[in-house]
Amino acid sequence: MIEMLPPIPENFALGVCDYPEHVPWDQWKQYPERQKQLGLTYVRVAEFAWSKMEPREGDFDWQWLDDAIEALDAAGLRVVMCTPTATPPAWLIRKHPEILPIGFDGHVRNFGSRKHYDHASLIYREHSRRITRAVAERYGRHPAVDGWQTDNEWGCHSTTRSYGGASAVAFRGWLEQKYGTLEALNQAWGNIFWSQEYTDWSQIDPPFNMPTDRNPSHVLDFNRFASDAVNEFQAEQVAIIRELSPGRWITHNYMMHFNEFDHYANSETIDFASWDSYPLGQVERAPLTEEEKVRWARTGHPDYVSWNHDVYRGLKGRRAFWVMEQGVGQVNWAPSNCIPVEGAIALWTAQAYAHGASCVSYFRWRAATIAQELMHSGLLRHDETLDRGGQEISRMEIAGRANGETPARVALLHDYESSWVYDVQPHSQNASYIRQTMLFYSALRGLGVDVDIRHPDSDLSGYAVIVAPALQLMGAERAAHLAGYANETILVFGPRTAYRTPTGRVQEDGQPGPLRDLAGQRLLNFDGLRPGLTVRAGGHEVETWAESYEPIDADVLMTYDDGPLAGKAAVTRHGNVVSIGAWSATLVTDVLDVLLGEAGVAAMRLPGGVRVSRRGSTEIWMNFDQAARQLPDGTEIGPVSFQFRG
Amino acid sequence: MIEMLPPIPENFALGVCDYPEHVPWDQWKQYPERQKQLGLTYVRVAEFAWSKMEPREGDFDWQWLDDAIEALDAAGLRVVMCTPTATPPAWLIRKHPEILPIGFDGHVRNFGSRKHYDHASLIYREHSRRITRAVAERYGRHPAVDGWQTDNEWGCHSTTRSYGGASAVAFRGWLEQKYGTLEALNQAWGNIFWSQEYTDWSQIDPPFNMPTDRNPSHVLDFNRFASDAVNEFQAEQVAIIRELSPGRWITHNYMMHFNEFDHYANSETIDFASWDSYPLGQVERAPLTEEEKVRWARTGHPDYVSWNHDVYRGLKGRRAFWVMEQGVGQVNWAPSNCIPVEGAIALWTAQAYAHGASCVSYFRWRAATIAQELMHSGLLRHDETLDRGGQEISRMEIAGRANGETPARVALLHDYESSWVYDVQPHSQNASYIRQTMLFYSALRGLGVDVDIRHPDSDLSGYAVIVAPALQLMGAERAAHLAGYANETILVFGPRTAYRTPTGRVQEDGQPGPLRDLAGQRLLNFDGLRPGLTVRAGGHEVETWAESYEPIDADVLMTYDDGPLAGKAAVTRHGNVVSIGAWSATLVTDVLDVLLGEAGVAAMRLPGGVRVSRRGSTEIWMNFDQAARQLPDGTEIGPVSFQFRG
Amino acid sequence: MIEMLPPIPENFALGVCDYPEHVPWDQWKQYPERQKQLGLTYVRVAEFAWSKMEPREGDFDWQWLDDAIEALDAAGLRVVMCTPTATPPAWLIRKHPEILPIGFDGHVRNFGSRKHYDHASLIYREHSRRITRAVAERYGRHPAVDGWQTDNEWGCHSTTRSYGGASAVAFRGWLEQKYGTLEALNQAWGNIFWSQEYTDWSQIDPPFNMPTDRNPSHVLDFNRFASDAVNEFQAEQVAIIRELSPGRWITHNYMMHFNEFDHYANSETIDFASWDSYPLGQVERAPLTEEEKVRWARTGHPDYVSWNHDVYRGLKGRRAFWVMEQGVGQVNWAPSNCIPVEGAIALWTAQAYAHGASCVSYFRWRAATIAQELMHSGLLRHDETLDRGGQEISRMEIAGRANGETPARVALLHDYESSWVYDVQPHSQNASYIRQTMLFYSALRGLGVDVDIRHPDSDLSGYAVIVAPALQLMGAERAAHLAGYANETILVFGPRTAYRTPTGRVQEDGQPGPLRDLAGQRLLNFDGLRPGLTVRAGGHEVETWAESYEPIDADVLMTYDDGPLAGKAAVTRHGNVVSIGAWSATLVTDVLDVLLGEAGVAAMRLPGGVRVSRRGSTEIWMNFDQAARQLPDGTEIGPVSFQFRG
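Protein chains in written order, with our numbering: chain A, 1 to 646; chain B, 1 to 646; chain C, 1 to 646.
These aren't lab readings, by the way, just hints derived from the structure by calculation.
Identical copies go unnamed one by one, so any copy, or any two together, can satisfy a pair.
Simulated crosslink set (DMTMM-like; lysine to aspartate or glutamate; CA at most 25 Å straight-line):
1. K293 <-> D423
2. K36 <-> E508
3. K29 <-> D67
4. K29 <-> D509
5. K293 <-> E541
6. K293 <-> E543
7. K568 <-> E384
8. K293 <-> D213
9. K178 <-> D423
10. K95 <-> D200
11. K178 <-> D200
12. K95 <-> E57
13. K568 <-> E342
14. K95 <-> E183
15. K568 <-> D593
16. K95 <-> D213
Sequences are here, hints too, so could you generate the full structure?
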């Protein structure tokens with residue numbers, strides 16, 4: 001664990017991602033001055049430039065990058081340098097095709113795009129260290145270089161997990177390391193079921209392509225292994241950069257709502273988290289209804305965006321973070337790619353600031369004229385005129401504000417491992433970890449509350465309310481940790497909490513297992529509701545999931561009105577601990593509203609697309625709707641706009 | 001063919017599936033007494049326990065199973081023993097990976113779940129016989145062992161057919177055996193079409209992964225081959241059990257609406273059929289509309305369930321059968337898995353009895369705490385308390401009733417081979433063998449009629465009405481067999497009857513080929529209706545399929561009102577033989593109603609989800625709706641309930 | 001380029017596709033006389049008959065075909081002979097399995113249907129030439145043989161492109177030939193992006209199965225390579241036929257709306273184009289809404305059918321063409337296969353004539369009784385009675401009419417290469433090259449206008465209006481060519497025109513690049529609209545796509561009313577050049593209506609399914625609706641019917 005850092009930079013700054021290698025020098029050399037004029041501070045370079053840096057093995061060409069950095073420096077810009085390992089070049093892949101990852105379908109993923117490598121490949125690890133060392137030796141102490149980004153978007157395009165090759169071999173070693181004996185592994189996975197017991201480590205494969213369902217414990221451990229491999233891959237680069245680039249910070253640009261590796265563990269070696277924000281593309285890919293997708297098509301969904309701000313701020317404790325790539329127009333990778341409404345770019349920038357970002361760096365300077373992303377927008381059009389997003393940024397007045405603290409009094413617990421095991425057995429077709437956590441997160445945000453998103457095993461002291469929407473994995477240690485807060489803090493558990501032990505089996509004594517004393521209930525039944533099938537609880541419509549409890553020491557706050565669970569408890573309370581078993585946005589909001597009041601956290605019902613966040617002493621009001629809205633104080637907020645107060 | 005048996009047991013009994021190997025002995029040993037107290041008679045054990053029985057090749061461990069059987073015996077329970085071949089253990093697969101089956105996509109199906117074997121693998125056959133002999137030698141004469149189940153759910157997870165490896169080799173031999181010469185095969189398959197003629201047996205592959213459609217005759221024979229392989233696989237086990245376990249019965253637990261092998265042929269070697277009934281999961285997978293799926297989500301669809309009862313009763317003639325696995329709550333394998341409404345478990349048990357079951361055995365005792373099925377319900381919850389289903393069973397009063405005869409006077413003809421060739425060329429996207437047969441079956445059940453489902457080539461004497469909904473394959477012999485009943489029995493043929501010869505070609509003299517004299521018509525045209533495209537016939541709305549006839553000796557009962565076939569015959573009658581060409585629930589019901597009356601079979605129009613069946617002298621009235629309904633005699637039947645009368 | 005030919009035949013004739021090898025000789029020998037009596041002139045034979053011609057390598061059997069041709073000749077019929085290369089026989093595939101193509105999923109496509117070959121396979125090329133020589137030597141000078149068809153439906157079932165094997169090798173050679181150096185290729189493809197630069201030709205693979213998107217330039221060149229391979233494959237056959245069958249014409253039967261190879265280039269070596277018209281199957285596969293699919297289910301969509309007539313007439317300049325296969329009832333390959341309404345077969349025949357066809361040849365004589373197509377209709381039923389389609393043909397009076405000129409004054413530009421690059425990056429889920437071109441084509445046809453569909457680089461002189469709906473690839477040469485017409489002709493450009501250079505990169509100076517002076521505008525923004533998201537322009541609803549322009553010298557004809565592009569130009573005009581950026585059927589119709597009037601091309605708003613075409617001095621009015629319609633002159637046209645006037 002590295003030492004805590006102050007916000008970088010101290011005051012809110014803007015940046016941009018640029019690719020000098022994509023543009024002829026005579027043309028590109030005009031860019032730094034224009035970037036400076038637009039109010040930008042940081043320029044990220046060299047992200048995918050391995051084949052330009054090292055066209056043939058051991059044959060390096062740095063001139064172009066030396067020139068670019070000099071030009072940026074001359075214009076007074078600060079450089080964010082990258083390791084180019086997201087794109088191993090053709091000569092390397094032809095020499096070592098075993099670097100290529102193997103997809104869930106069993107097919108090798110070919111060269112010709114990006115991220116075509118298995119993180120567990122020892123051969124690729126060696127080349128990753130080699131090129132990292134080369135770049136860090138060259139630029140690690142360059143005065144213009146402010147910090148580093150490792151690789152690009154770990155795991156993008158389902159590349160976290162490779163279902164064969166180097167990963168298959170390394171997985172066996174990882175398991176032997178973890179379990180020591182096959183007896184322990186067989187027990188942990190419940191392999192007696194369906195005669196899945198192993199008698200030799202070499203019998204174990206990645207979990208894919210079986211006649212029917214995979215053992216969730218097998219999947220859980222494979223996901224843990226793959227997550228560890230990504231983290232080790234990064235740690236190797238970080239160690240080299242720390243050695244060769246002293247005093248510089250290191251970050252990584254994570255992705256929206258991506259959960260294929262454990263970001264908490266991943267971020268341990270870096271200084272702060274960054275993420276890549278494309279609110280419009282996100283809407284298309286999010287589990288929203290068609291109506292919601294049309295509604296938020298041009299502004300992004302406020303909570304789906306801010307979820308990521310809050311996750312990445314919380315990754316290393318309440319630490320400032322960056323938006324490393326902020327979309328400024330259409331993306332090119334969603335099924336349909338529309339453009340944002342006027343005001344959205346500024347609103348997203350304000351929203352990032354409001355949630356604690358230190359810097360927002362736009363993607364990208366000039367729209368690419370080549371290859372896969374040539375339909376993606378930039379601040380400049382292909383013809384180098386300033387595009388709509390660039391114009392909007394030039395009119396903004398957000399940069400330079402103090403990067404103050406965020407004051408959340410509510411913590412929401414987020415656990416990647418729980419998400420893996422949830423999603424391998426969702427049990428109801430509309431249920432997913434992301435939908436269930438967003439149910440609670442959106443309720444809190446709609447109540448005007450600031451939320452820290454934190455790992456369940458982290459230090460949670462000081463919060464008034466702790467909400468665990470979908471904490472499926474629960475061992476004795478975690479249960480004791482959470483119980484430690486129950487005297488002074490209100491704890492809220494969502495459906496399926498503590499369903500399983502840490503190895504993905506079910507609690508042998510029933511649910512919620514080691515949390516039973518704390519919650520004061522035991523799980524009776526769970527009901528996976530198909531689309532169109534609903535029940536009611538306390539007058540609220542419940543969809544997707546309903547579970548019932550038998551109170552032991554708890555009080556029953558709400559029961560089911562109808563359906564097979566009629567009369568059984570849907571919500572219980574035991575001291576400060578509330579268990580919510582019903583999937584219902586209105587029920588969750590009602591329950592949380594009461595609890596927040598009790599905990600002294602001001603809550604209010606915000607209209608439509610209005611959200612509020614606090615940073616330092618400033619309140620930032622935001623309206624994501626394309627119509628004006630009335631705020632709680634009676635004043636009006638215009639469509640797609642924000643107000644800084646205080 | 002084995003000898004006819006009396007019902008086993010004589011009076012209706014209950015059972016349960018249990019897995020002693022999943023639970024520590026000290027915990028499990030309490031179970032038999034609780035099972036007995038719940039009124040259960042039979043306990044099925046050892047179903048998937050190969051790796052527990054034989055942890056390493058040749059190294060057997062029987063102690064745990066000896067103990068379990070003793071404990072069951074001591075509690076007065078009867079044991080159903082299994083062969084564990086549905087789950088070849090890891091050591092066997094690593095030694096002989098060629099046992100693994102190859103999917104329709106050409107990929108090997110890996111170890112890690114179940115059913116991962118090619119039935120045609122000679123290596124696996126040897127191990128199947130070896131483990132069967134070991135189990136049968138150990139327990140074949142144990143006094144507590146009442147009977148046997150072979151393997152588990154033949155063909156589950158699309159494993160009937162392996163598209164390469166051992167099956168590819170065996171398929172060639174099977175073809176040579178069947179046809180003798182390639183000339184005969186080329187003729188039977190019509191291989192002159194598209195130059196598909198073979199000049200060497202080694203040129204023939206399983207039918208998959210071609211640029212376009214597969215030859216239906218090729219598919220038909222491959223499916224026959226694969227079906228035969230399953231049947232031989234079972235026959236080898238049965239022979240060993242008969243040798244080593246004299247006086248015990250043998251059954252197999254078939255699946256709902258599964259048609260990938262010929263169950264008539266498969267059941268020849270066993271004593272009676274069993275099947276596994278999961279009415280809620282079935283609703284999700286059945287070809288029902290979204291509205292219907294919501295309607296029957298918590299009760300199951302009455303006719304989709306009873307179809308299976310009637311199929312498995314009829315498999316070996318009118319012989320008693322078991323429900324080997326009866327779901328008692330949620331399953332874990334449907335897209336969404338809800339729980340049944342109060343009363344449903346008892347209703348399903350009554351329904352099974354009503355349709356002729358001798359025993360209903362519930363799945364499973366305690367909900368699994370490990371691996372793939374840990375979200376599946378049992379009679380006990382994970383915490384060993386009696387779950388909703390268990391409580392419902394404890395209140396039932398069905399066990400002990402006499403296992404009397406079922407008195408159906410209507411036979412519905414069911415033919416697996418016709419289903420294969422129907423579904424390889426459905427021609428209309430909503431058409432399928434199952435939907436077309438259910439159209440007729442539901443009409444009969446909605447008219448309050450008991451139905452025997454029988455193979456078309458079986459002895460059909462004594463029936464008042466014989467309905468052949470979708471008998472697509474028709475040779476001269478089959479036609480003559482059916483014609484033999486036409487003097488005294490009403491015969492009803494559905495669309496696409498006798499479209500093809502036994503090798504899957506079309507009748508050279510047009511349809512219905514050898515049935516033409518009997519039906520007194522010839523097929524004019526068939527019209528595959530897309531969703532939203534309908535026509536009318538005799539005032540009825542027709543969807544999915546419409547075919548027209550030219551009467552030869554037949555009378556026209558109904559013509560098409562509109563569409564391209566307007567004015568042409570939709571329904572014809574020639575003596576006792578009626579041909580229905582229009583896919584219409586109301587038309588089929590109207591026609592059958594009249595014919596039943598003529599045949600002296602009492603018919604009535606039952607309301608909504610009400611059904612009636614007869615067993616011995618008892619009438620069993622059932623209501624699958626969640627509201628009370630009025631019965632034809634004016635009395636009321638409560639929601640999700642049943643009444644025994646007489 | 002071969003010499004221009006007069007229409008073949010001079011007067012409109014009918015034909016049929018027949019397969020003597022499918023029917024026993026004694027039965028088949030009755031057919032020629034019946035064909036003659038039905039008014040047919042041409043019979044196409046031997047299309048897939050390789051295994052019958054050459055049952056074993058080098059062992060030929062011609063007797064059956066000699067007999068068939070003699071019988072056809074004796075009946076006064078003319079023979080269309082085929083090369084049987086669409087179906088390499090089993091013995092050849094087993095000897096050379098490397099002939100089999102590799103699908104986009106990386107799996108080999110197996111023997112057992114048709115089109116199972118890689119066009120770039122040198123081994124298969126040799127056998128293709130060998131069998132072509134054998135057939136041409138045998139029948140090339142037979143007096144009954146009028147002409148030839150090569151193979152069958154190039155590229156059918158996605159077989160144009162093979163993603164490995166021979167094609168992978170040949171692709172590298174093709175690239176080296178085209179680019180000379182890797183530097184040139186890397187530049188053309190923009191391989192600096194994501195380090196995709198190649199340093200050795202052997203590093204280049206077909207573009208498939210990567211972690212994420214493929215480089216559009218990579219895809220474009222691979223598609224060009226694959227197209228060239230098909231064309232070379234045909235050219236080799238054509239050269240042999242020309243040598244051995246002097247005086248006979250050669251054609252190929254192309255497919256509906258198929259764009260996987262460049263048909264302009266392909267047709268260079270043949271005399272005229274033919275195509276296979278299955279209007280009902282086409283409706284199911286076309287990008288129409290569910291409502292539209294129901295509406296046109298039984299008549300075909302008038303414009304989707306006529307598009308193909310106009311494409312294939314224009315392929316080699318305004319040259320007569322054939323419909324080689326005209327469906328006469330249901331097909332067997334759509335998701336649902338209904339039958340046409342009364343009158344549709346005659347209407348399609350009249351429509352073919354109206355659009356310039358010389359001959360319509362029906363598919364097929366007798367419905368197949370064997371294999372994959374046994375549910376496909378023919379003129380005869382399986383029982384050899386004349387089916388509905390055959391009866392309709394027997395009553396038609398179209399054959400014998402003069403094969404006059406078609407007088408279109410409007411040209412629509414069609415470019416296969418633009419379609420490839422459009423569809424690899426559609427950017428909006430409902431956008432596709434076919435939908436965008438049909439938007440303009442249907443607007444023109446709905447205005448009663450005859451349309452020539454032409455290659456953009458062909459001689460376009462003499463047209464009053466030239467419409468380029470989706471000409472995405474634009475180099476300086478093409479731009480100059482088009483500019484050459486702008487003085488005297490109105491040019492209309494649709495969205496995304498000139499977006500890219502000929503190698504699939506974006507115009508470095510922005511869009512429309514070299515067309516900027518001509519169009520007088522520059523592209524500002526494009527907006528990919530998701531389903532349900534619309535904007536308005538000039539009062540018209542715009543869906544799927546909206547792009548805005550900055551006028552340079554152009555006038556703004558229409559602006560966007562709302563959305564992010566509000567106030568920006570949606571339609572501009574610069575002299576004779578109009579740019580339409582908004583995807584809107586009503587907007588396009590309104591703009592074209594005005595421009596046609598200005599150009600002196602008579603336009604009128606036709607009701608519903610009514611269309612009109614002109615041939616020679618005859619006007620052909622057609623009604624595809626199943627209700628009568630009023631024509632512009634006040635007279636009525638019956639449902640599904642046509643009128644010849646003048």
